[in-house]
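Enquirer: Top line first, the protein sequences correspond to chains A and B.
Take any residue in the first sequence, count from 1 to its spot, add 164: that is its number in the working numbering.
Take any residue in the second sequence, count from 1 to its spot, add 164: that is its number in the working numbering.
Do not take every clue at face value.
If chains are identical, the list can't say which one is meant, so a pair holds when it fits in one copy or spans any two.
What the hints assert, rightly or not - Pairs of lysine-lysine residues, derived as DSS-like cross-links and limited to a Cα-Cα distance of at most 30 Å, are as follows:
1. 222 / 212
2. 168 / 212
3. 256 / 222
4. 222 / 168
5. 222 / 190
6. 190 / 256
Bear in mind the hints are in silico, worked out from the structure with no lab data behind them.
Values in this document were obtained by computation on a predicted structure and should not be read as measured data.
Protein chains: 2
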Amino acid sequence: MAAKFSELELAINTLVTEFHAASEDKSPALNLEQFQRLVTAQLPDMVKISGEDDGVSKLLQEMHVPEAGPVTFAEFWGLVDTLATTQFGLQKREKTAKCVKCLLL
Amino acid sequence: MAAKFSELELAINTLVTEFHAASEDKSPALNLEQFQRLVTAQLPDMVKISGEDDGVSKLLQEMHVPEAGPVTFAEFWGLVDTLATTQFGLQKREKTAKCVKCLLL
Numbered sequence: 165m166a167a168k169f170s171e172l173e174l175a176i177n178t179l180v181t182e183f184h185a186a187s188e189d190k191s192p193a194l195n196l197e198q199f200q201r202l203v204t205a206q207l208p209d210m211v212k213i214s215g216e217d218d219g220v221s222k223l224l225q226e227m228h229v230p231e232a233g234p235v236t237f238a239e240f241w242g243l244v245d246t247l248a249t250t251q252f253g254l255q256k257r258e259k260t261a262k263c264v265k266c267l268l269l
Numbered sequence: 165m166a167a168k169f170s171e172l173e174l175a176i177n178t179l180v181t182e183f184h185a186a187s188e189d190k191s192p193a194l195n196l197e198q199f200q201r202l203v204t205a206q207l208p209d210m211v212k213i214s215g216e217d218d219g220v221s222k223l224l225q226e227m228h229v230p231e232a233g234p235v236t237f238a239e240f241w242g243l244v245d246t247l248a249t250t251q252f253g254l255q256k257r258e259k260t261a262k263c264v265k266c267l268l269l
């Protein structure tokens, strides 16, 4: 890879390396504890599970992952996909909202 | 959102904002020219299309996007998904390769 990476390539790389870093034992999937730690530490604003005892099980249900795990990269990516799509919707509304403001000025 | 974002949240946000930035006219999809500029500028290492005349049409075919575009965020995200999965495979091999080395030492 060229020495200088683009923002987008760095972002994709971060998503992959953070998942790898969460699985200390080199396994391609995360056990429940590793997954909970990853979500709590790395997605504190986008995924709210810290306050709830059954927070992780609800999240796994929404991700269609068996309650006992493990969580594969593809299943983790499904969560990232949902979060990105939500972000895209929020930013799209913000962009149109700004336009409404600029019409009113 | 809290003032301090995690690496993972910043990465997801970058993927969304770069797509939005590529569509100057506030539209939720990119025309061919905007998409080509995004890929050439932001994915120079992960997607090789610059040297080939029909590079973009081949890429769109692989992405199952009509030749005339436009490219929606969901279709862009399909490309990101493929790139991330490839990166994950590469890093997994690297990790196991390192282990083989540490076995040999």
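Enquirer: Hint by hint, note whether the structure agrees.
Expert: Quick rundown of the hints versus the structure:
| no. | hint | in the structure |
| --- | --- | --- |
| 1 | 222 / 212 | within (11 Å within a copy, 40 Å between copies) |
| 2 | 168 / 212 | between (35 Å within a copy, 16 Å between copies) |
| 3 | 256 / 222 | both (28 Å within a copy, 29 Å between copies) |
| 4 | 222 / 168 | between (40 Å within a copy, 26 Å between copies) |
| 5 | 222 / 190 | within (26 Å within a copy, 35 Å between copies) |
| 6 | 190 / 256 | between (38 Å within a copy, 8 Å between copies) |
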